[in-house]
Structures are given as C-alpha cells and as structure tokens.
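Peer 1: Could you build the full structure based on these sequences and the hints that come with them?
In the order they appear, the protein sequences are chains A and B. Sequential numbering of the first sequence, starting at -11, is according to this note's numbering. Sequential numbering of the second sequence, starting at -11, is according to this note's numbering.
The set of hints was computed from the structure by calculation and includes no laboratory data. Just so you know, these numbers come straight off a predicted model, no measurement behind them.
Only pairs whose alpha carbons sit at most 30 Å apart, straight line, appear in this in silico DSBU-like list of lysine-lysine:
1. B:Lys(-9) / A:Lys70
2. A:Lys93 / B:Lys70
3. A:Lys4 / B:Lys93
4. A:Lys4 / A:Lys(-9)
5. B:Lys70 / B:Lys4
6. B:Lys4 / B:Lys(-9)
Number of protein chains: 2
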Amino acid sequence: MIKLAGRIWVETENGKLLGHGRIELLERVHACGSLRQAALQMEMSYKRAWDLIGDMNNQFTVPLTISTRGGKGGGNAVVTPKGLAVIAQYRELMQQFEQFLAETKTDISL
Amino acid sequence: MIKLAGRIWVETENGKLLGHGRIELLERVHACGSLRQAALQMEMSYKRAWDLIGDMNNQFTVPLTISTRGGKGGGNAVVTPKGLAVIAQYRELMQQFEQFLAETKTDISL
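Peer 2: The structure is reproduced here in structure tokens:
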C-alpha cells in the first residue's frame, strides 16, 4: 500500500525553532516537572535536553520554561503559559499536516 | 520570521519508496543517461545510487530505469516511461506540499 508520509517543523532565520522532539520535551517537562526526568524518558542526554530548552528560551522573547537549578535530581522545571500556548499551537499545525497527508491523493501505483 | 518547513516521502509497508533524493537521482539519470554520473553529481557513492535504484526497481512491478551494465564509465542507464510518470507524480505531490506549507498559518509568535 502506497502512503504519503512526512514531517514538519518551525524554523526562523536562526534555524530550527520547534519540531516534534522539542515539543515532546516540553510536554514531558510539563508532565513531570523535571528536565532531567523528561530527558531520561526520551533517552536523551541531560545536556542535549538542556541545550534544546536553552535554544528555545533564547529564541523566544518570553521563556517557555523556568528552571530552578541545583538540588538533588537537578532541580525542577515548569512550563510557562507561553510554553503551553506554543505546545498547543504546534499541535494544531501537526493536526493540519496529518490531515494534509491523509487527504492528499497520489496517482503513484506500484 | 517564523516559517513552517518540512519534507514528505512516499512509503509502503516495505519502507521508503520515494523521497526527494531518489527522485533527484532519477531525474539526473534521465538527464545524463548514466547512473555513475548521476551519483557523482549528487556526491553519492555509486554503490548507494545502485542500491537506491535497485530498491525502487524491486518495489515497482515495472522498472523505473533500465541499465546496460559494464563498459567504460559503468554503462548507460535510461529512465523508463513508468519512471518518468513516477517523477511527474512525485513532483505533483511536492507542489501540493509546498502549497500547504505556504498557506498554513501559525499563531506562534516569538
């Protein structure tokens, strides 16, 4: 069976801003309140998660997460209202893309 | 400036069937009549190009290219009518995707 597939992301002139992985990271931080835990769940290094979050927070004028550093377990992190809005807006884009993939007909036959 | 970006591909239950690189390879084979030249132009190994073409020809019931093996320069290759049709059908999908990317509005702001 022939199927159209793909992925989307949001970028600025400074490169990638939001993609599936970054949004999943934000969602997991929101769910568990810890960047370290979120990274673990995604089998991502803490450094990588920290860099991704830092890159997003640098590119947005309002931070998407706020971290309280240090302490056992690496401190806590909360997703800000702006962060929650961005998650919802990205999910909306994903939904439209899924719809595009499902509705787009192809004449390609094997 | 916030911009939606992405890529699409066509897959079957056996994995990827067509993507941007495979279509570019077919187009270059069609333009220069040689798989080796096409691979060179794309800075792709001849083996990789051969494998990609072989995978496509295996998955389609009609081959997309026909090769005359051997000889100096690795022999010639021609894209079949089926191959040309597939290129055109994929380009049509690409065009619809470009349109989707251009038309889809996002509320995300920095």
